[in-house]
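K.L.:
Protein chains in written order, with our numbering: chain C, 154 to 321; chain F, -4 to 299.
Keep in mind the hints are simulated off the structure, nothing from the lab. Keep in mind the model is a prediction, meaning the values are calculated, not measured. It cannot be assumed that every hint is accurate.
Residues on chain C that point at chain F, a partial pick, calculated with CB under 10 Å [as the list claims (entries may be wrong)]:
| # | residue |
| --- | --- |
| 1 | HIS178 |
| 2 | GLY193 |
| 3 | PHE267 |
| 4 | LEU308 |
Below, in silico cross-link-like pairs of lysine-lysine (DSS-like), each with a Cα-Cα straight-line distance of 27 Å or less [said to hold, decoys possible]:
| # | chain 1 | residue 1 | chain 2 | residue 2 |
| --- | --- | --- | --- | --- |
| 5 | F | LYS212 | C | LYS157 |
| 6 | F | LYS208 | C | LYS311 |
| 7 | C | LYS160 | F | LYS234 |
| 8 | F | LYS126 | C | LYS161 |
| 9 | C | LYS320 | C | LYS257 |
| 10 | C | LYS248 | C | LYS214 |
| 11 | F | LYS234 | C | LYS161 |
| 12 | C | LYS245 | C | LYS214 |
| 13 | F | LYS212 | C | LYS205 |
| 14 | F | LYS208 | C | LYS205 |
| 15 | F | LYS233 | C | LYS161 |
| 16 | C | LYS160 | F | LYS126 |
| 17 | C | LYS160 | F | LYS233 |
| 18 | F | LYS208 | C | LYS160 |
| 19 | C | LYS205 | C | LYS261 |
Think of the CB as a built atom: it goes at the ideal place given N, C-alpha and C, for glycine as much as any other residue.
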Amino acid sequence: MNFKITKKRFLIAFYGGVVGVFLIHLLLVSTSKISPWRGGGFGMFSYSFGGKNIAHIHLKKADVVFCLKRDNLKQFSRNKIVDFHYTHKINKQMKKITTLNSQKYAKKIIEQWFAYRWLYNSQDSLYYIQERDIAIPSGVIEVDFDSIQVIVYNLGSKKETFSVEVKK
Amino acid sequence: MIFLVKSHWQLIKQKSATILYLPTLRLVPLVHYFLFLIYHQFHIFYKYPESKLFLFSLGHQVLLLFFLSVLFIPKLLYSAWFWGGITAYYWMLLIDNWFIVNNHEVLAGYWQLLFFASFFIVPQQRAIFLKTHSKFLLGLIFLFSIIHKTISPDFLSGNVLHNLLLASDSYLFLDIFLPFDYIGLVQENVQNMFFADQQFLPYQPNLGPPILKIIAKFMSLGAYVLELSIAIIFLLPKKYAFKHAQHWVLLLFIVSTYFPLRITGFMYILTVMGLAQTQANQKLIRTMYLGVLTVYICFDVLIF
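Taking the hints into account, I'd like the entire structure generated from these sequences.
P.N.:
Below is the structure:
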């Protein structure tokens, strides 16, 4: 196949992309809760600030609930504690859940989280996540749970925007 | 500071004259690189790879070295390889984080692509290519913004700017003109908002006197007219365009919007795209862009 990128073809693809991103974003702003401030829709300062969304992860078993938030979740790397929990991909997934506000996406992600080991240190009240093939470090216990729930709250309205619970 | 400027005045004059008369294809990469270095380097490249340990640690250092290599090999600044590498990495981060990237970062991505593509245009037409497409792209972006502002129930009614006036320090200078304690009102609202966030309680701002809402409506209308004018002027075909009008409306928008709101990313990228539409003989317009930029950087870095 003989395909050459000419100036005309580049410009058609480029402006097609710019307009396409805008239209998709406009659709997402009206159908989901994606922020007009982000994602290439150029809707900054157009809508009232709805307030940030934040999420809590609940590890549940019967009546016992372990509540994990941004401040108390850390990560065990291969052989040491990486104190910056935001280096872990779970943080990015949480950002995506709170930004897109989509139950369907949240459910898909939570299902992947069962592959991790969730640990708790009662001394410093911190939670850790760790890959299953590594030995459990000393000083922590493995949290026993049979379902994971994610609750997303809106800081502006102080209300729950959605909640998803997935059983093991 | 004044002493330093006075003692080096001749040198400053000489250097600034050299910069002002640079051909567009020399000036634009230089300013773009400088702004990229002082802003994007520490925001975009640092912020987005955070969930990828490799990029966050080693990758970041490699990129930093690659980026700083221009300081030792200035020729790189005019090389397609250099900008191609930066553009590719930048777009990788944009696509990977599409749901959280800010709009000015997307605009910078579009501009980077155009700039990179310009290396493949015949040399005689490169400057015209950059000029034409930075103008059209800016027009398009302002048109998108106007569409949002038109369909939103919050903008033309003044709600967005009213909220901003109530709980942001952007417009504190209005206190001089207002017949009540505006600074006190903002401080009270900011404090209440902080307390409500901490305690996870509902927040009801003190709305202040009704004149604030009227001011917000007036400001919203002004911003709407200005943005609409930019969209029209930038998208108009060349034969209908007023001479230099695009530069003056863009500069007016930059000064009236980004100085109080301090939106650094947008301010930088719009200035570079504005400069790309100038020629070496347009000394006044270039002085205005670079002057506004210098004042903003001093304002942003030294005062805030």
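K.L.:
So, for every hint listed, does it hold in this structure?
P.N.:
Comparing the hints with the structure gives:
A least Cβ separation of about 9 Å between HIS178 (chain C) and chain F falls short of the 10 Å threshold, and the interface hint therefore holds. Hint on GLY193 (chain C) holds. Least Cβ distance to chain F is approximately 4 Å, under the 10 Å limit. Because the closest C-beta pair between PHE267 (chain C) and chain F is about 19 Å apart, greater than 10 Å, the hint is violated. Because the beta carbon of LEU308 (chain C) sits about 6 Å from the nearest beta carbon in chain F, less than 10 Å, this interface hint is met.
As the CA atoms of LYS212 (chain F) and LYS157 (chain C) are separated by approximately 52 Å, the hinted pair breaks the 27 Å bound. Of the pairs offered as hints, the one joining LYS208 (chain F) and LYS311 (chain C) holds, with about 25 Å between alpha carbons and a cut-off of 27 Å not exceeded. The hinted pair formed by LYS160 (chain C) and LYS234 (chain F) meets the criterion: a straight-line CA distance of about 23 Å does not exceed 27 Å. The suggested pairing of LYS126 (chain F) with LYS161 (chain C) holds, with an alpha-carbon distance near 16 Å, which does not exceed 27 Å.
Between LYS320 (chain C) and LYS257 (chain C), the direct Cα distance comes to roughly 15 Å. Compliance with the 27 Å bound is thereby established for this hinted pair. As the CA atoms of LYS248 (chain C) and LYS214 (chain C) are separated by approximately 25 Å, the hinted pair is consistent with the 27 Å bound. At most 27 Å may separate the alpha-carbon atoms for a hinted pair to count; LYS234 (chain F) and LYS161 (chain C) meet this at roughly 22 Å. For the proposed pair LYS245 (chain C) and LYS214 (chain C), the alpha carbon gap of about 26 Å is at most 27 Å, so the pair holds.
Between LYS212 (chain F) and LYS205 (chain C) the CA atoms are separated by roughly 25 Å; this keeps the pair inside 27 Å, and the hint holds. Among the hinted pairs, LYS208 (chain F) with LYS205 (chain C) is consistent with the structure: their alpha-carbon atoms are about 24 Å apart, no more than 27 Å. A threshold of 27 Å between alpha carbons decides the hint, and for LYS233 (chain F) with LYS161 (chain C) the separation of about 19 Å falls inside it, so the pair holds. Note on LYS160 (chain C) and LYS126 (chain F): the hinted pairing holds, with a Cα-Cα distance of about 15 Å set against a maximum of 27 Å.
Restraint check: the Cα-Cα separation between LYS160 (chain C) and LYS233 (chain F) comes to about 20 Å, which is no more than 27 Å; the hinted pair holds. Taking the CA atoms of LYS208 (chain F) and LYS160 (chain C), the gap is about 49 Å. The hint is violated against a cut of 27 Å. With a CA separation close to 22 Å, the supplied pair LYS205 (chain C) and LYS261 (chain C) stays within the 27 Å bound.
Against the hints set out earlier in the document, violations occur for numbers 3, 5, 18.
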